[in-house]
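Number of protein chains: 2
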Amino acid sequence: MTRQELIAQIKKKKSFLTVGLDTDIKKIPQHLLTFDDPVFEFNKQIIDATKDLCVSYKINTAFYECRGLAGWQSLVKTANYLPKDIFSIADAKRGDIGNTSAMYADAFFSQADSGMSFDSVTVAPYMGKDSVSPFLKFQNKWVILLALTSNEGAKDFQFLKNEESLLFESVLQKSQEWASNEQMMYVVGATRGDAFLQIRKHAPNHFLLVPGVGAQGGSLGDVCQYGITKDCGLLVNSSRAIIYASSGEDFAQAARAEAQKVQQQMAKELEKIGF
Amino acid sequence: MTRQELIAQIKKKKSFLTVGLDTDIKKIPQHLLTFDDPVFEFNKQIIDATKDLCVSYKINTAFYECRGLAGWQSLVKTANYLPKDIFSIADAKRGDIGNTSAMYADAFFSQADSGMSFDSVTVAPYMGKDSVSPFLKFQNKWVILLALTSNEGAKDFQFLKNEESLLFESVLQKSQEWASNEQMMYVVGATRGDAFLQIRKHAPNHFLLVPGVGAQGGSLGDVCQYGITKDCGLLVNSSRAIIYASSGEDFAQAARAEAQKVQQQMAKELEKIGF
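Protein chains in written order, with UniProt numbering: chain Y, 1 to 275; chain G, 1 to 275.
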């Protein structure tokens, strides 16, 4: 998907919501357990119930890998069920030496090789340029690079101050030599609203994938105040708060209601900037 | 596996060789393609031919994921074929926020959940303590944390100088607050022989997993000169040079011959330190 297509979708839906499919088989409604693939059935119903309210789905691969082969099967089926006009994110946090990253790129981008073709994948920056660049060889596919993450451990290394800047700022600066904002986004955790000021100094126009709103405690208002751009420039993820809104048979409607609440807040934020 | 068991194995086999199962279906001998699962058949024969010469097998998950469901199947089968008395490494470079890292830990450590139980997994440090600690909750399982990697891109961030040290040194220092050398190792690329001096300043007794000998250009002599400890303290990985030693029907014998060459060099290095 191109940047223009993504922006057009945000305009149309008045939403920059990413629904995170962090689907834990232990947390889905009991009645689904009679299905052949309960996780896929859950995802299918969540997708059907929310697809007009969000512009992106994010699949956290860990939740699938932990169930081994059965989980990988649910992952592939879910990936292929995602509507093609919605931006899809493999939240996989991959990254390795060049020839290995090329294999990971095939895993998430090459339908012919792996049976899956996401629009984007999250990548860890520690191993530098050649660990990232193989993902950039695919046309209209994106790298979403970890910059400032939403977790407690973010403070361990990401705020280390080097000669010119903090580590996450170096990641933002350096990585812009590798790709433009047509092919690179950044992960920036919502748990640090005012950090968006600093992020926008280094990446004024990039789209940011923002986890941490909702269950992790971040506020949508803060994120928008400091992070929104004239093109919106935000994809705000909500996982648990939406997909586990109800544990009963009405889980999909409850997820829809929750997504709608967020979408309506987002519509207001977009209105403020005349988008 | 405990540290003592690993050391005993190195003593017995006079080897600290890790064979990397970076098995690319495009590179394996043609005659294997008639098997149901050619990659597993290849791995099986490589394992049978080398298991008395190495102390560890490292499975690079990217090479399996890129083939989708079929690849994950080969991964699970290979993981379960690894001899239990040999140290097994899931070279997966994972790491995410705490609840997600816990899922990755299940994926690679919990036989009951995922059908696989490796002795260790490689983890990227960028997201800090809570991205690493869920892996440490499993008894006698190891985290192998990326410190100084073997690729060109290592220079992008790992050498950034902060107030006290370079980033990879901060990773070495900080992470020792999270686990002892009974449960943590580090990845240190062999392409920088003399960097081992610096590594040993911060981690004098830890085992180091060393990729980059062979195809990537590192020298075993340099690694030993600067990196070996009284307990050996090294697991040196060789992938391509061993597993693709021949592309014919004799690939397993050729792999064995290549592994034996490396093992004999290693025996000499161990003799030098009277191990």
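Careful: at least some of the hints might be erroneous.
Copies of the same chain look alike in the list, so a pair counts if it fits in one copy or across any two.
Cross-link-like lysine to any residue pairs, in silico, SDA-like; alpha carbons within 25 Å at most [to be verified]:
no., residue 1, residue 2
1, Lys26, Asn205
2, Lys161, Gln173
3, Lys272, Ile25
4, Lys14, Lys84
5, Lys27, Ser117
6, Lys161, Glu41
7, Lys137, Leu69
8, Lys13, Gln176
Just so you know, the hints here were simulated from the structure itself, not pulled from any lab data.
Against the structure, the hints come out as follows:
no., hint, result
1, Lys26 <-> Asn205, "neither (39 Å within a copy, 41 Å between copies)"
2, Lys161 <-> Gln173, "both (14 Å within a copy, 16 Å between copies)"
3, Lys272 <-> Ile25, "neither (39 Å within a copy, 54 Å between copies)"
4, Lys14 <-> Lys84, "within (19 Å within a copy, 55 Å between copies)"
5, Lys27 <-> Ser117, "between (27 Å within a copy, 24 Å between copies)"
6, Lys161 <-> Glu41, "neither (46 Å within a copy, 49 Å between copies)"
7, Lys137 <-> Leu69, "between (29 Å within a copy, 23 Å between copies)"
8, Lys13 <-> Gln176, "neither (29 Å within a copy, 48 Å between copies)"
In terms of the numbered hints stated before, the structure departs from hints 1, 3, 6 and 8, listed from lowest to highest.
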